[in-house]
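S.K.: Protein chains in written order, with my numbering: chain A, 1 to 103; chain R, 104 to 375.
In short, the hints are calculated from the structure, not lab data. Mixed in with the good hints, there may be bad ones.
Calculated lysine to any residue pairs in the SDA-like style (CA-CA distance at most 20 Å, straight line) [said to hold, decoys possible]: (1) R:Lys195 with R:Met165; (2) R:Lys195 with A:Pro17; (3) A:Lys8 with R:Met165; (4) A:Lys8 with R:Gly252; (5) R:Lys298 with A:Lys8; (6) R:Lys298 with A:Asp74.
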Amino acid sequence: MSLYYVQKLLFQLNRDPRVRKRYEENLDSLLEEYELTAEERAAIRSPDIGLLYVMGVNGQLLMHYAALRGFEWDAYIEAMRAGERRYGPVRTGLYVRAGMSRP
Amino acid sequence: MSLVFAGALSHAPGITGRAARADPSLRDAFYANLDRMREALEAQRPEALVVIGAEHFANFFMNNMPSLCVGMADAYSGPIEDEAWLGIKRRKVPGAPELSQRLITEMMQDVDLAYAQEWQFDHGIMVPLHFLTPRYELPVVPVNINCQGPPLIPLARCWAFGRALRRACERAAERIAVVSTGGISHWPATPDSGKINEQWDREFLAKFLDNRRAELLAYSDEETHRDAGQGGFEIRTFVALAGCTEGSKAELWFYAPIPIFAVGCTVAVVRL
Chain A
1 MSLYYVQKLL FQLNRDPRVR KRYEENLDSL LEEYELTAEE RAAIRSPDIG LLYVMGVNGQ
61 LLMHYAALRG FEWDAYIEAM RAGERRYGPV RTGLYVRAGM SRP
Chain R
104 MSLVFAGALS HAPGITGRAA RADPSLRDAF YANLDRMREA LEAQRPEALV VIGAEHFANF
164 FMNNMPSLCV GMADAYSGPI EDEAWLGIKR RKVPGAPELS QRLITEMMQD VDLAYAQEWQ
224 FDHGIMVPLH FLTPRYELPV VPVNINCQGP PLIPLARCWA FGRALRRACE RAAERIAVVS
284 TGGISHWPAT PDSGKINEQW DREFLAKFLD NRRAELLAYS DEETHRDAGQ GGFEIRTFVA
344 LAGCTEGSKA ELWFYAPIPI FAVGCTVAVV RL
């Protein structure tokens, strides 16, 4: 389980302009520094906001990553809903129950 | 006695960032009460403002997460978020390092604290400052309670922190204002954003306004998560303020669910 490192990457991306610069210039080398699965790397790269949500990424991190990648507010919310439809309920973390409460 | 003002207010990023999308009558009534809170704060001529907030992974992360952290910096900066996204321009905010150090030293007699000489404010502190200190002249002492990454500090420890803060304020010569800022029930940044359990909020607020310690401390995290969402964990900020103002009742100046702000928007002021 490397969800911790997915979140750590997004945490550092959100707060540190130097990490954002590396993200823009050489994403491969940045991703190498985090212990990520192939699925996680692909979800970050796409970006697949819905899959990141279903993986259990905290929304307080994810909403800024979505904004960075050009998702307006409604598109961000819809991307998470689409993620649940495509990948199923949230797998771990605080949102597990929220995922199960919707049809 | 140097605690001269105490109040509680919401801080959701939509309050400034998605202002244009809210019901204008509700939004303007909310803003009017935030303005009224600013006037009441200014009338007490505070020399420093303690903001008890619940930040959202701007500074504190699961690599080294403090339950309670108090700022001790000369100055802070914020918002850490995109300026256009939040609707607040980035700026420096003055700190009160010497006062911070005295408060921290005194509080450490009663509670374990982390301190920070570097801190980038997120919306959790910038939205309250935007309304309460729009000129950003009042020195700030930020406090963070981890309400994001469990395990979370128990509510009774938040009350004990508030009590310790009160004692420390009373030993300081400065005129100190304290505001707490957190949501009640809400499901922010999830597909359920905009969902608000108004009945739960009103029951919680009734206990807060009456400073009913036993009832405030009786909430379990399981119940809060079920009925008030993961955002409900931020009731820790209200509980800390209630501990800080133990024995005093508060007035509710405004409460209304504003779904596009993703929270029941609240303004409350304690009768000290």
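S.K.: Would you mind marking each hint as holding or not holding in the structure?
M.R.: Here is what the structure says about each hint:
no. : hint                   : in the structure
1   : R:Lys195 with R:Met165 : violated, 26 Å
2   : R:Lys195 with A:Pro17  : holds, 17 Å
3   : A:Lys8 with R:Met165   : holds, 8 Å
4   : A:Lys8 with R:Gly252   : holds, 13 Å
5   : R:Lys298 with A:Lys8   : violated, 28 Å
6   : R:Lys298 with A:Asp74  : holds, 15 Å
Checked against the numbered hints given earlier, this structure breaks hints 1 and 5; the rest are met.
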